[in-house]
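J.: What follows is each chain in one-letter form.
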Amino acid sequence: MRDRYALALGDDALVLAQRLGEWVARAPELEEDVALANIALDLLGQARTLLTYAGELEGAGRDEDVLAYWRDDRDFRNVLLVELPNGDFAVTMARQLLFAAYQYELYDRLRASTDDTLAAVAGKAVKEVHYHRDHATQWVLRLGDGTDESHRRMAEGLRAVWPYADELFDGDDVTAALSAEGVAVDPATLREPWTAYVGGVLAEAGLEPPADATPRRGGRRGLHTEQLGYLLAEMQHLHRSHPGVTW
Amino acid sequence: MAPTDQRADEREAAFYAIVDSDGRIEPRDDMPEAYRRTLVRQIAQHAHSEIIGMQPEGNWISRAPSLRRKAILLAKVQDEAGHGLYLYAAAETLGVSRDQLLDLLHTRKQKYSSIFNYPTLTWADVGAIGWLVDGAAITNQVPLTRCSYGPYARAMVRICKEESFHQRQGFEALLTLTRGTPAQKAMAQDALDRWWYPSLAMFGPPDSGEQVSGGHTEQSMRWGIKRFSNDELRQRFVDMTVPQSEVLGLSIPDPDLRWNEERGHYDFTAPDYDELFRVIKGDGPCNAQRLEHRVTAHADGAWVREAAAAYASKKREQAA
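In order, the protein sequence lines correspond to chains H and Y.
Numbering-wise, the working numbering puts 2 at position 2 of the first sequence, and it's gapless, one number per residue.
Numbering-wise, the working numbering puts 550 at position 303 of the second sequence, and it's gapless, one number per residue.
Derived by calculation from the structure, the hints in this document are not laboratory data.
The structure presented is a predicted model; accordingly, all values stated were derived computationally and were not measured.
Errors might be hidden in some of the hints.
[Said to hold, decoys possible] Which chain H residues face chain Y? A few, computed with CB under 7 Å, are given here:
hint : residue
1    : 21
2    : 33
3    : 40
4    : 85
5    : 91
6    : 146
7    : 169
8    : 217
[As the list claims (entries may be wrong)] A few chain H residues that face chain Y, going by a derived Cβ cut-off under 10 Å, partial list only:
hint : residue
9    : 143
10   : 212
11   : 213
Even glycine gets a Cβ: it sits at the ideal position worked out from N, Cα and C.
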């Protein structure tokens, strides 16, 4: 059961790293090429540790690459939010704010996990994610309170990703059992601090949380958006073209 | 002699005294206008090469065949963006802004290394770029750590350290391929076949023909900007790379490549300089694509930069 928990958190990080990597050499300024690559690298590092651990716990001989490259989309367990296409810079920053704010609260609590590996991953990652959250916060403020155009785009970006926020706080049989043991964090407990943080940023940026969004969910159960298939096709094709080799 | 002329002569003498004693010219020092212009052109071209160079390698981030290789590649491309940043900052000490230089790049008035106008068709190309292109860049750039202009020389110290790390990573990626399956080895050989001559061309036109192409070698050597000629650097690169190709078990695509005992160097076939000039003039396989990608990214980001500027000025007003 712990393997399924580690896999879900690892898939979140892996898929978002893949999305952010798409920004490299396309960012609005050179500093952002550096920043987005840096955030992608942090997430990829988290993904590698978590997938490796998931594979070890599973005990079926699957390493990080087997898990990343040889599962199809119905077997990925990431939340839908992280697989959403990048859109413009405002969409990406909205997605970053929502996800980093969630990951920050999660890792902050997971440091106290009774599972030493998860606690260690969280201890390292919480520092990285603190920066990711700050980076997204600064951009949401600049775009929300910048020009008329940036305000309009930021509000649209927020509307595009907002329906996917609810899923971050969904529990399932895995999180219920593991949080009872002190291994995992019950996602529902993250909603309040997340809402306080994100709400504060939006208020300062002059933005409203979208009110009438219908929540979208399913990623944790392997029910994804159509976009994930394309992301995985691109990510996996070369690895799968040469089965069993070393790179 | 008029007093102003005399002062100008004294300033020029002071400049050459520093250059000739292998000292460093710093931003506030007097320098001949032509020296400043040459440095701006060279540093800008170098900075542009770093940021355009992110494209052919960035092309493989999404498809890297293992998570470890993906991490290495992301870090490498991030380093290149960082190199672009230091170099634009070094150019700013000479009185030109990054925006001005990017404009010159986007309007084709300044160039970047012709090597990045070739496509990265397979994963092995990422290894070949690290091994050959970064290897050639290091050969060119190590002497620049002793360049007479202080900010450029210091930027190059850090850049060369990172480039030599990238070169080893590229070599190691290719070594893994050549020790792998026949398909992987063939992929590595194919990459070497395509990247060898363009890498040799990175050192520029041959010394004898440089006057024809409006070269700058002699003047740059006088100013302590350039230390070795194009052909000397090209030879150094070949001599360094041939033994490495033997370790890899790959064949350099040159039937006339052989060790010349008398010269103490490898003899080799020169790259096709006509091709080099065509690519420099804009007629390489990817010139249009690279520039269009760059211009589009910049244009798409305009509203973001405008928003950041507007926000910063609001904050300044609020603080005042």
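J.: Which numbered hints does this structure break?
T.: 4, 5, 7, 8, 10 and 11
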